[in-house]
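Listed here are the chains, written in short residue letters.
Protein chains: 2
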Amino acid sequence: MTDSRETADTTETTRTDSSSPADQFTVTPYAVDGEIDYEKLLERFGANRLTDEQIERFPDHPLLRRRTFYAGRDVDKYLEAAAAGDPHAIVTGRGPSGPMHLGHVLPLYLAKRFQWKTGATVYIPLSDDEKFLAKDQSFDAIGEHTRENLHDILAVGFDPDRTRIVIDTADADVVYPIAVRLAKHLTPATVEAVYGEQDTVGLQFYPAVQATHLLLPQLVAGRQPTLVPIAIDQDPHVRICRDVAAKEALPVEKPGALLGRFLPSLDGPGKMSSSGDAPSIELTADPETVAETIRTHAYTGGRATIEEHRKKGGDPTVDVPFQYLRYFFESDDAELERIAADYRSGDLLSGELKELAIERITEFLDEHQRRRAELGSLEAELDPFRLTDGEQRRALERAGVPTGLDR
Amino acid sequence: MTDSRETADTTETTRTDSSSPADQFTVTPYAVDGEIDYEKLLERFGANRLTDEQIERFPDHPLLRRRTFYAGRDVDKYLEAAAAGDPHAIVTGRGPSGPMHLGHVLPLYLAKRFQWKTGATVYIPLSDDEKFLAKDQSFDAIGEHTRENLHDILAVGFDPDRTRIVIDTADADVVYPIAVRLAKHLTPATVEAVYGEQDTVGLQFYPAVQATHLLLPQLVAGRQPTLVPIAIDQDPHVRICRDVAAKEALPVEKPGALLGRFLPSLDGPGKMSSSGDAPSIELTADPETVAETIRTHAYTGGRATIEEHRKKGGDPTVDVPFQYLRYFFESDDAELERIAADYRSGDLLSGELKELAIERITEFLDEHQRRRAELGSLEAELDPFRLTDGEQRRALERAGVPTGLDR
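From first to last, the protein sequence lines stand for chains A and B. Final position of the first sequence in the UniProt record's numbering is 407; the numbers increase by one with none missing. Final position of the second sequence in the UniProt record's numbering is 407; the numbers increase by one with none missing.
For reference, chain A alone in the conformation it holds in the complex (with noise of 0.2 angstroms):
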């Protein structure tokens, strides 16, 4: 119980174990609920568990090290192509409902690290158009969280000649009939399968929509292994696409994925939302918000007595800040094993752990804000991630769409 990569899987069965038969949890990209059973998700969504092999060859990082990314589809393809030098792409998107936290940026950052440690190409789609179907607010308010949100997906510092960033409604030019393709065969019977029963034909037609997003960095330039690194609920999509992809023979290699679990709420086991009751923390919060939204509702794994926790010792597996710590903040795995071990001796309080959390995240997010705050004009800063005309061009080439009216 020291290996912190063996705590996670432990923490997991044990969970399985208990209550929680497949009938209980619900995972479509619009529904968590319940208990999620991490095995029977792959067995339901038919993917492959990463290997150790696997994870080696990837560029090291906690997220995949630790698990928290634990399967895939069409994996060795990507780890090929990178390790070979030949042109691999990323495509991990945002959806602008509201400010962007920890969880959302999380996977933005790996993607990140891929790309400087292999030249992988990262394609960013922001759905602004789902988010406005989906939710409660006017476009308006979807706007302003996309204009937010940029701020935050620049701040992390891709590198613009291998970045793309897309928004559905300012890059409709091109997403639009390149969806309208990926429809003609995408039939209402196989969404409602993946997604369940949609209110609007507007979410009713967005499949189409974000199979367009995983195919774009093969319509700009050319097949190549493609990886989505996405929580596991969002896999239907990888899966819609992939079967458009192969049913619309278009010059493409399916896109694979890379899935992974969802990041605990501060209130406990879950997923990480802005939408739910939970806490979360933003990115833009200053240090002081920081510190007391952790240490206020940071769901802990201690005792209810400090005498009781010096005695017994806490549970890190269920401890909210020492997973925090765990999936991304602690990338020294012999330190992160020193927290767990005073955790459970109960030399370690639950307290003092919040406090190494807070630490950790308010420096992580003090860089962020950093490169946030020297950021110029939004307009400025995005063009250089904004799709070319020529990449456009190309794009709605491979896709079979006609141009030359106006391009």
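None of these hints come from the bench; they were simulated from the model. For clarity, every value in this text was computed on a predicted model and none was experimentally measured. There are no misleading hints in this set.
Pairs involving identical chains hold if they fit within one copy or between any two copies, as the list cannot separate such chains.
Taking lysine to aspartate or glutamate and the DMTMM-like style, the derived pairs with C-alpha atoms no more than 25 angstroms apart in a straight line are:
#1 112 <-> 282
#2 117 <-> 80
#3 247 <-> 140
#4 135 <-> 248
For this one, chain A is given, so just place chain B on it according to the hints.
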């Protein structure tokens, strides 16, 4: 029976009185089957028959005077604005799934007349997305039809200061975001109730795109009465648009409609269509082809033999060459009456009536083709008819869609 207007109405009444109960004909935007009972359609769709007084207030045109367009919605508002010199708009679109023929271009010439007489703004949306989704054709083929159709539309001779041509894929940057706005409360059940079950999520979404077309004049230039001259089978599009415009509280009037009968196909009553088996007269047809097509294929109201025809006379109400003259190509009522009388009396033979129609249609096509041949490059000719950046921005702003990232 000498007044052509009465003749037309009598024709329809006769058909109605025979054997076409309401459940034996189908009219949706994708299916027109069986004998059409135009009175029952009005009841079913809840539209109003045009009054004589309304007809007189429209610019004079055979299509109205002779009740090919025979019904409408919110027609008075349009007529009042036209009379007062206030802004008023016509939207008349084209689905580019093949070459345009006579039946397709007549509403465009009607719109041009309105534009010349009262200064109507004319919007001409081309639904290449819908045609790609609905037809077994590649996007390349649809794109080629789009370019050919654009030549025909430009040849009509609209005023570029008062006319906008919108192509769904090429103008997706404005069309798609607005369609998303309208799709937010457009349910699959509503679409299915109006259009029937759709095979793909693309076609399910399309009504939101068509609603966008009908609102564009107002979204670009502010509230104004908008009239949509369409065959009555397209009325569901208008009704969906009216519903969503009201539901979304957009700053627009509900668009009105001018509802028409189907032009007959050459081989008899029904809808002139390039998709069925009936031959049709393409706008690019040369005089020999026009003559040969009408001589060979046109359904006539003549008798089996010349002797019988001379004795009993022909029936102009079912004679397709006569109907062509009545709908559009013989604008002089007295001349049309003379032709009808001569045909009924047996003085005019079917072959002779065909030659009259050939002559008029050839004259019309000659003018049209002359203007078409004088066009320069499509891009240059189309340019003054496209939405300007300012118009796009205003449309998105009025639709409550965020702008400002790159506009």
